[in-house]
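Protein sequences, first through last, are from chains A and B.
The letter at position 318 of the first sequence is residue 318 when you use the UniProt record's numbering, and the numbering goes up by one with no holes.
The letter at position 15 of the second sequence is residue 15 when you use the UniProt record's numbering, and the numbering goes up by one with no holes.
By construction, these hints were calculated from the structure, which means they are not laboratory data.
Ideal Cβ placement from N, Cα and C applies to all residues, glycine included.
Honestly, I wouldn't trust all of these hints.
Which stretches of chain A does chain B cover? Using the computed rule of at least three CB atoms under 8 Å from a CB of chain B, they are [what the hints assert, rightly or not]:
| hint | region |
| --- | --- |
| 1 | 101-107 |
| 2 | 232-244 |
| 3 | 330-336 |
| 4 | 350-358 |
| 5 | 441-448 |
| 6 | 461-471 |
| 7 | 647-661 |
Short derived list, chain A residues pointing at chain B, Cβ under 10 Å [stated by the list, open to error]:
| hint | residue |
| --- | --- |
| 8 | S27 |
| 9 | G47 |
| 10 | L118 |
| 11 | G191 |
| 12 | A196 |
| 13 | S201 |
| 14 | G426 |
| 15 | L486 |
| 16 | G511 |
| 17 | C612 |
| 18 | I615 |
| 19 | M632 |
Calculated lysine-lysine pairs in the BS3-like style (CA-CA distance at most 27 Å, straight line) [said to hold, decoys possible]:
| hint | chain 1 | residue 1 | chain 2 | residue 2 |
| --- | --- | --- | --- | --- |
| 20 | B | K233 | A | K279 |
| 21 | A | K26 | B | K653 |
| 22 | B | K653 | A | K577 |
| 23 | B | K400 | A | K653 |
| 24 | B | K349 | B | K380 |
| 25 | A | K204 | B | K234 |
| 26 | B | K336 | B | K54 |
| 27 | A | K234 | B | K234 |
| 28 | A | K356 | A | K529 |
| 29 | A | K204 | B | K95 |
| 30 | A | K399 | B | K299 |
| 31 | B | K400 | A | K305 |
| 32 | A | K299 | B | K233 |
| 33 | A | K233 | B | K340 |
| 34 | B | K349 | A | K234 |
| 35 | B | K279 | A | K109 |
| 36 | B | K577 | A | K95 |
| 37 | A | K305 | B | K399 |
| 38 | A | K95 | A | K109 |
There are 2 protein chains.
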Amino acid sequence: MVDFEKLKKICKLIRYDILTSTTEAKSGHPTTSLSAVELMTTLYFGGFLHLDLKDPKNPINDRVVFSKGHASPLIYSLYHAAGVISYPELMQLRKINSDLEGHPTFRFKYADVATGSLGQGLSAGVGMALGIRLRSTIDNRKLKMVVENRVSKIENQSSIINPQPLSSIIHRLSSIPKVFVLLGDSEMAEGQVWEAIQIASHYKLNNLIAIADVNRLGQSTETMLGWDLETYKKRFEAFGWNVITVDDGHDLKKVYKALSATQIFQKTNKTEKFVFASKPTIILVHTIKGKGVSFLENKEGWHGKPVSKDLLESALKELGDVNLNVRGVINVPNLKLKIKNLKLNKNLKLKIKNYKLGDFVATRLAYGDALLALGDVNKKIVALDAEMSNSTYSEKFAKKFPERYFEMFIAEQNMMTTALGISKLGFIPFASTFAAFLTRGFDQLRMAQYSAPNLKIVGSHCGVSIGPDGPSQMGLEDISMFRSILNSTILYPSDAVSAFKLTQIMADTDGLFYLRTNRKETPVIYDEKEEFHIGGSKIHKSEIRNPKSETNSKSKILKNNKTLMIAAGVTLHEALKAQKELAKSGIEVVVLDVYSVKPIDQVTINQLTHNCHNIIVVEDHYPSGGIGEAVMNLLITNHRSIVTNFIHLCVRKLPRSGSPEELLHYEEIDAEAIIETVKKF
Amino acid sequence: MVDFEKLKKICKLIRYDILTSTTEAKSGHPTTSLSAVELMTTLYFGGFLHLDLKDPKNPINDRVVFSKGHASPLIYSLYHAAGVISYPELMQLRKINSDLEGHPTFRFKYADVATGSLGQGLSAGVGMALGIRLRSTIDNRKLKMVVENRVSKIENQSSIINPQPLSSIIHRLSSIPKVFVLLGDSEMAEGQVWEAIQIASHYKLNNLIAIADVNRLGQSTETMLGWDLETYKKRFEAFGWNVITVDDGHDLKKVYKALSATQIFQKTNKTEKFVFASKPTIILVHTIKGKGVSFLENKEGWHGKPVSKDLLESALKELGDVNLNVRGVINVPNLKLKIKNLKLNKNLKLKIKNYKLGDFVATRLAYGDALLALGDVNKKIVALDAEMSNSTYSEKFAKKFPERYFEMFIAEQNMMTTALGISKLGFIPFASTFAAFLTRGFDQLRMAQYSAPNLKIVGSHCGVSIGPDGPSQMGLEDISMFRSILNSTILYPSDAVSAFKLTQIMADTDGLFYLRTNRKETPVIYDEKEEFHIGGSKIHKSEIRNPKSETNSKSKILKNNKTLMIAAGVTLHEALKAQKELAKSGIEVVVLDVYSVKPIDQVTINQLTHNCHNIIVVEDHYPSGGIGEAVMNLLITNHRSIVTNFIHLCVRKLPRSGSPEELLHYEEIDAEAIIETVKKF
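Chain A with its partners taken away, still in its complex shape:
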């Protein structure tokens, strides 16, 4: 049986730590932390959490996500109470050289994902719960079916059955690692939370357990629902969750009872009872913000404010005797648990799709081909899509590998963070939808960069070249968005061969990647033997239809050419058309395919612009933050000031519906506009 007296002592220590560390930091969120002390202490040290502190990234561990990331003083205090952070370390909270930041980032080794932009943690939990299920050697679908059948029978009979026939299954299900997510009540106003809630019940994530710290108070005002647990309960139940309520989140026994009830099966009266077999679970807990210090308890105006040094003593006095040496024990995970090996089988060779030069193939289709081929050789690859799989062509993968495809429905925010969560179990997630709709997940991408992400995002239907669907469906800010993420890589293929090979590179390289694909079919222009790399580009010389990337001949080309056209994707083909047309008039130009938009090929552009006065960048994107500015940035910071004519052709008029060709013409980013520009030089 659990030692409640000891838990109580740990709670006191944690309160002491929260108060002293935030006072020392002169900032931070003590009151938010204080409301969840009993909840998290019971979870960590009451026998519920299974975690190997020496190997926190091991997939056999349970996971904890502090979605309310501003409760970081509590997080760090828990690990102090677990004995892995020293008190002097804790007192470095929020200091420049400490990894104990104001909100947890990848620098804190026990956090899987950064939190602090509210409403994202549950999605990360969904991703991890899916990842755990996928790495489990237990055949979930079979087990689930068996259990669900039995449970539905049990529910219908509303009775308790003899556990013998199912005991082994239950035992195996129980040993699947769990994901616990601590939610704040204010953040439940975020739509993303409800996206995560609905998808968790859709996928029957019975290894996902959320704990809502309902302390009633937001930053500036009371939450919409205050302490109305009944309404929260109705909402979660309507969304298909098990709900457990706790009317006093500071009563250790009540919290313990609630956490016990989340177990997949419980002992009751010497018989065993199945509960919660196929649903995620939420524990809704009535708590008090600032609990433990009378002048903080349930008071407005204290959000994000530490106790001053003057008041600290009286605050600490209210805690009573604090045993600074008490330490809690976190259960170790079941080390015998078998986890699927995701190592690459070196005998398997990627089947590269054979595209014929000159054939018209959309880059989105080639992406689908590549993902399918990669799926065969690399079990780490998983795919997610926001209900656009038949447009992005992730459906090819989905059909062949249904267990590794996750339909995320039209909920892009949750898709982003779920993908990040899955990656934390060792998978390589490819998440796709229309480029335009990726803007819906910008905050999630922004936050992902603080989680050491291995995340591959694919946006199809970029630019005005999608045509008649109109501006709402056109990705025209997407390059800008991904460029603004500090450490990101942006690839933008113009043909099927490059699309296929760049997808392969994304899979093989760690980090946050964006692949921009076209709706429109474009001719295959690269030979299947052509090689591509991050930071690379392809030179297309005048009158030579089969381009080669001969670095040695670069200087030679340049002597004859004073105009360089830089493009990618659909506008590359417009540039090539213009090049061909201009050649007829004896005007030679060099076209550069900057398929790697970030990093852009600095060396080649520097070489090409060495003696070149005229540069045209042409792109199917709005003026700011796209390829044009990437090139300008490179030129100007590399002092390529000799360039006197720089023309940036891009989408400068608010687009409308029309045919792709009409729209390229309307926006002056087609071959005709390019030719006119060159002729003006």
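Dock chain B against chain A, hints included.
Same frame as chain A, now just chain B:
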């Protein structure tokens, strides 16, 4: 009584129009349109909608939002049936010169907001419903209290009462214009929809009526809930809505009955009964995608696909006889309805806050001061905040004008579109939160640009200078995000005087604006008489502490200065510090405050760089898409190639927690880094 036979005829015409217009366009969404024909025909022509077709923007009209914007063939067909679009016009659907686009934009005069990125329409509806309430001369709060008291009594007695005592109130409540929103079932997976749902019930928007077209099929797959209206019902009820279900959305009488039930009061058995007095209402309707054409009905694989010319004839045959001349009548609104006048009272003068030169005042605080002052003189000003009002300082306005302040809680997506919706009733909405969290509303901002927006967004706590809260709270991509919106204005004040005056300019100028404010206090550097304008900047000369914008002396300055520093916000102060320090060593530099980031002051920068070889841009933002690239873009496209040394100081390392000063130093954007850079020249 309504003429169902005529409605039936109109439905046939509309089906004919949907099929023929999409076949002609060779693209579009006929099946999605066909499922809602009876719903919208009954709404428009069954007496429920009140709309003056000659004056569609008049605030006395009811509003309709087609949140499922891909049902545009249905929208346009309804207006054809109403007699305001001709058949030849309709046949121009999706053509380049037609305003009948693939998804409706501001170009379609009967659409208040562009739709097409799913899940945004209900938020726009919430905004319009709030706007209508605010323009109504009926004192809602008093009326609501009275009605709520009575209704609660009625509900408790579960009885019907004699209406006499309340009849006049009810009559006045009934005459408030309504907002109808057509929702698709797929889009209900979007978190933003649930943000709108919760806020609509929080604000008791009884003039908001949503209609969910539950046709079961998404683009690539079945929705999560299929035709499970019961689960939808539970969810909406749990979120505080009235729910009406219709088991056959193609039965005109059932649809009529459901729409009748949304009236604020109904006649029942010769007595009158109050219903739905203080809640928004959803009508959940079981429909069939592709209804009316057997080979389209309830079939997968037909999303977004028109019927081919070959199949059109057989499809039309299924409609039976179509009367191409039938036209429906839309009810006119109550022209006697009194609406609050929002005209400026010219006798009221803005009280400009008096800041003292040298005082330390955060720009966010000055924004709060300005909004408060503006609220006094301009009744159009409304404010929204995502539960950060005590940090953004919108609370100053909120406290003085509670009826014009809308707490949006932590749900930024809904806040953006709600603000847009409010603006469509003639208001000027200011929506604020942390700059970092505005990224959550990027898709909503992106879409707003297709709605001819008058929208003022304010992001506080920008950059690493926020300090210890860490990277999750730092707006470091926000300038890039707002620059990438085609027609946007970005203002970034560095002191209280400019913050105050720029806020005033935002209020006075139509369009989509972004104001970037600081957490950190900065000294007041401008005199209260200083003037600011969109596209302006301020020159700070060496050793002169009171800067003046003397355009005439610009060329004189430049002769003595070879280094120009461009900055805004917190880094402007670092640049000024550096300037002072450098002056001690006899090095003169010019500092330019580009408080107008977009448009940037092209004329002044061109003048200043005329003979200037060294430029430093220093900003508290990531490298891409910010002030640095804005300046590069200007220089390079204006052929200011004489610049040989361009240094861009910005946030190049993933930030962490620390003090503001430590972080400015760590990122090399403080005075010290600037001085070092200048000395290297």
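Taking the hints in turn, this is what the structure says about them:
1. 101-107: holds (count 5)
2. 232-244: Since 6 is at least three, the answer is holds.
3. 330-336: Since 0 is below three, the answer is violated.
4. 350-358: violated (count 0)
5. 441-448: Holds, because 4 residues of the region 441-448 of chain A bring their Cβ atoms closer than 8 Å to Cβ atoms of chain B.
6. 461-471: With 5 residues close enough to chain B, the hint holds.
7. 647-661: holds (count 9)
8. S27: holds, 5 Å
9. G47: Cβ of G47 of chain A sits 32 Å from chain B, so the hint is violated.
10. L118: holds, 5 Å
11. G191: Result: holds, 2 Å to nearest chain B Cβ.
12. A196: This hint holds: A196 of chain A lies near chain B, its Cβ roughly 8 Å from the closest one there, short of 10 Å.
13. S201: This interface hint holds because 9 Å falls under the 10 Å limit.
14. G426: violated, 23 Å
15. L486: holds, 5 Å
16. G511: violated, 13 Å
17. C612: Result: violated, 13 Å to nearest chain B Cβ.
18. I615: holds, 9 Å
19. M632: The hint holds - M632 of chain A has a Cβ within 10 Å of chain B, the shortest such distance being about 5 Å.
20. B:K233 x A:K279: With a Cα-Cα distance of about 20 Å, the restraint between K233 of chain B and K279 of chain A holds, given a limit of 27 Å.
21. A:K26 x B:K653: Measuring from Cα to Cα gives roughly 25 Å; hence the hint holds.
22. B:K653 x A:K577: Measuring from Cα to Cα gives roughly 41 Å; hence the hint is violated.
23. B:K400 x A:K653: violated, 41 Å
24. B:K349 x B:K380: Since the Cα atoms of K349 of chain B and K380 of chain B sit roughly 15 Å apart, the hinted pair holds (cutoff 27 Å).
25. A:K204 x B:K234: holds, 19 Å
26. B:K336 x B:K54: Within the cut-off at roughly 17 Å; holds.
27. A:K234 x B:K234: Satisfied, since the Cα-Cα distance of roughly 8 Å is no more than 27 Å.
28. A:K356 x A:K529: holds, 12 Å
29. A:K204 x B:K95: Distance ~45 Å between K204 of chain A and K95 of chain B Cα, so the pair is violated.
30. A:K399 x B:K299: Distance of about 19 Å is within 27 Å: holds.
31. B:K400 x A:K305: holds, 25 Å
32. A:K299 x B:K233: violated, 37 Å
33. A:K233 x B:K340: violated, 41 Å
34. B:K349 x A:K234: The given pair, whose Cα atoms are some 51 Å apart, is violated under the 27 Å limit.
35. B:K279 x A:K109: Violated, because 47 Å separates the two Cα atoms, which is more than 27 Å.
36. B:K577 x A:K95: holds, 25 Å
37. A:K305 x B:K399: holds, 22 Å
38. A:K95 x A:K109: With a Cα-Cα distance of about 17 Å, the restraint between K95 of chain A and K109 of chain A holds, given a limit of 27 Å.
Of the numbered hints stated above, those contradicted by the structure are hints 3, 4, 9, 14, 16, 17, 22, 23, 29, 32, 33, 34, 35, listed in ascending order.
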